[in-house]
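Residues per chain are reported as follows:
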Amino acid sequence: MNQIVSIGTSHHVAPIDFREKLAFSEAQIIESLQHFRESDQVQEAVILSTCNRVEIYAVANAVRNADAAAKILAEFLSRYHQIGVESLKKWTYLHHNLETIRHLFRVTASLDSMVVGESQILGQVKEAYDASREAGGAGTILNRLFTKAFSVGKRIRSETTIATGAVSISYAAVELAKKIFNTLEGKTVAIVGAGEMSELTAKHLVSNGVSNVIVANRTYERAVKVAEKFNGTPLPYDSDLSFLIDADIVISSTDAPDYLIKRRPLAEVMRKRKHRYMFLIDIAVPRDIEPDVSKIDHAFLYNIDDLETVVASNLKDRQQEATRAEQIVTDEAKRFYDQLQIFQVNPTIKALHQQFREIADTELQACFYKTTLSDQQEAAVASMTQAIVKKLLHYPMQNLRCAVNDGDTDHGQYIQALQELFALDVNDDNSDM
Amino acid sequence: MINFLFLVTLLIYLAASIFQTLSLAISNRSEAAIIRPTIERVAFWGTSIGFAFLTLFIALWWLTQGHFPMTHWTDSTAFFAWAITLIYLIIVRLTHLRTLGSFVMPVAFIAILISYSFATHTAALPEPLQNYWLLAHTSLIFLGYAAFIAAFGFGLMYLIAERKIRKKTDTLLDNLLPSLGISDELGYRCTILGVILLTMGVIVGSLWTQYIRDVPWRWLDAKVISTLVTWFIYIAQIGLRQFWGWHGRRAAYAAILGFVAVLCTYVGVDLFLDSMHTYR
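Taken in sequence, the protein lines are chains A and D.
Each step along the first sequence adds one to the number in this note's numbering, with nothing skipped, and position 355 is 340.
Each step along the second sequence adds one to the number in this note's numbering, with nothing skipped, and position 77 is 83.
Keep in mind that the hints were calculated from the coordinates and are not lab data.
One thing to keep in mind: the hints can contain errors.
[As the list claims (entries may be wrong)] Quick list of in silico lysine-lysine cross-link-like pairs, DSSO-like style, CA-CA up to 27 Å:
| id | chain 1 | residue 1 | chain 2 | residue 2 |
| --- | --- | --- | --- | --- |
| 1 | A | K247 | D | K173 |
| 2 | D | K173 | A | K6 |
| 3 | A | K247 | D | K229 |
| 4 | A | K247 | D | K170 |
| 5 | A | K259 | A | K214 |
| 6 | A | K355 | A | K319 |
| 7 | A | K75 | A | K6 |
| 8 | A | K280 | D | K174 |
| 9 | A | K188 | D | K170 |
| 10 | D | K174 | A | K133 |
| 11 | A | K301 | D | K229 |
| 12 | D | K174 | A | K259 |
| 13 | A | K6 | A | K74 |
| 14 | D | K174 | A | K188 |
| 15 | D | K229 | A | K163 |
| 16 | A | K375 | A | K355 |
| 17 | D | K174 | A | K74 |
| 18 | A | K280 | D | K170 |
| 19 | A | K301 | A | K335 |
| 20 | D | K170 | A | K163 |
| 21 | D | K173 | A | K280 |
| 22 | A | K163 | A | K257 |
| 23 | A | K301 | A | K257 |
| 24 | A | K376 | D | K174 |
| 25 | A | K259 | D | K229 |
[As the list claims (entries may be wrong)] Some chain D residues flagged as far from chain A (calculated, every beta-carbon gap over 12 Å):
| id | residue |
| --- | --- |
| 26 | R104 |
| 27 | L192 |
| 28 | W214 |
| 29 | A228 |
| 30 | W250 |
| 31 | G254 |
| 32 | I262 |
Yeah, the Cβ is synthetic: ideal placement off N, Cα and C, and Gly gets one too.
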């Protein structure tokens, strides 16, 4: 019987120095998959290795139970990376069958990520799967499993809001800008002062379409320096704020003790720029922009606290949504597991049916050959034979299906017994369902 | 039969307006994320089906009356609702901004409700007015009004979105509302469209007067004057925007003012003032 198992470690359970030891390079992944294929202990495998997690998903069918399959993986990891079994036990987790499925679905839907709902992981899982498939690691079952994982991931992203709402200050600024301007294309961002946060925010704005960057600083040399990074225009700081006339977005983060941008001169600037919208972001403490500025028409002011509130409320929403997403994952994993069971049992059921029918057909032909029955009688005998075959198979089939759906009974033993008792030739790669 | 069709149309519009409003109003997050797409779909398809029924109804009415159904102001409201829905559907087609329906569909519903409530009114349309001039004149003006109502919807959306940005309350409602720049721009385009249609309608109307012999024409007609006032309000909006940069919040308020002017011209004049446009 096929056992789906996974072994892995992540930022939830292990420190970075352990994860580093366990990490696989691309070449190592190919090498390991080849090893699995040759060893014949593991039929299918996918290796996922990112900076936050290292996981191996595998299918083994020549083992007694899932524990035995997991042991193979653990031994492999310990041997390959030369890690003691003890630390492996301490820092890794093992999943069997339904749990493996659920775990993969959670990972792909980014419910297991450091920031719930982040979008990178889906791509990373896809890459890992593609690489493993090319290297001949993934087969019928893992193909199904990963395809399903991607669709569950997509479903969760569309049915819940775990992936919406900025969770960092700089992205919150970008999102707010998008709510104000009809497009960011062709807009101008002004960086007043300098600092890591303001440059990061400006960078995000530029990658979202903002095309011009202005840098203003009290010391002109510094303005030139920062402007070079963005291919922008350095401008000298001026107390009448004339450098802001072309600025649609203003990011201010100077260490000035007083307000640099005050209401009155800014109102004048707004008039000169024909009241086009201006989005002001004050990330300085103490603040650079007079709060009253927000009373000017078409000027929108957010300070660092406002942005942090936005981020906090988005994070809280994501957490709430995660509960709903978990429910979807649990349901989908159960459904997939059940389908997989039936999928695994089907070839045996089919083979058994076919064997019975073939015996009946052969015997019928022999019988018709020997006797002289009218067409009507032949038809009656034939249908009687079919009925007998059907009735003989009725209880075994019903009970087998019950065992599959039940989940508790080890139907693998049933299947094995059937295959051996009836000498069935079951092709495992039967992929129709 | 035709009355039953009217009732069905009315009820579909009621449902569509409720769902349109609901799609915007239901609380943010939690289960809303699952229900919302369904509500939005029901709202949009309700609107489309309602529009199809209304088209059929107006066509039948036209056939039975023998001329464009525009005898009394109360039956013109059915056509008014039709024009509003048409403009809305065109906007959705071009911009995918279904949210606009939350603001314009209730207006369309009220228009149909008025028309339905007074459906028994049968004023006779003077013979000389029963021609295609009537069709061109009234439908151009009503389509213009419908464009103004879309502009009004964008104005409201702008004001709500701006309020949210200023109050710094980040809710899902913001995600449904377009950005300030988009509401502003689309509102302006609707205003221009409305002005063009209204102007054309007025020109057709004034040309028409040259051909009417049996109905006395006077220039100081209440409807004519109030239409000119409305027209002027919108022309002023465009001018102020072009030359003094009046956009954003001011444009949104102006769109609401224009909406009030349209209502006064359309309903107010017929109810309280004497005009040859009322055909009593």
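Quiz item: For which of the previously enumerated hints does the structure constitute a violation, in increasing order of number?
Solution: The structure breaks hints 2, 3, 5, 6, 10, 11, 15, 17, 19, 23, 24, 25, 27, 30, 31; every other hint is satisfied.
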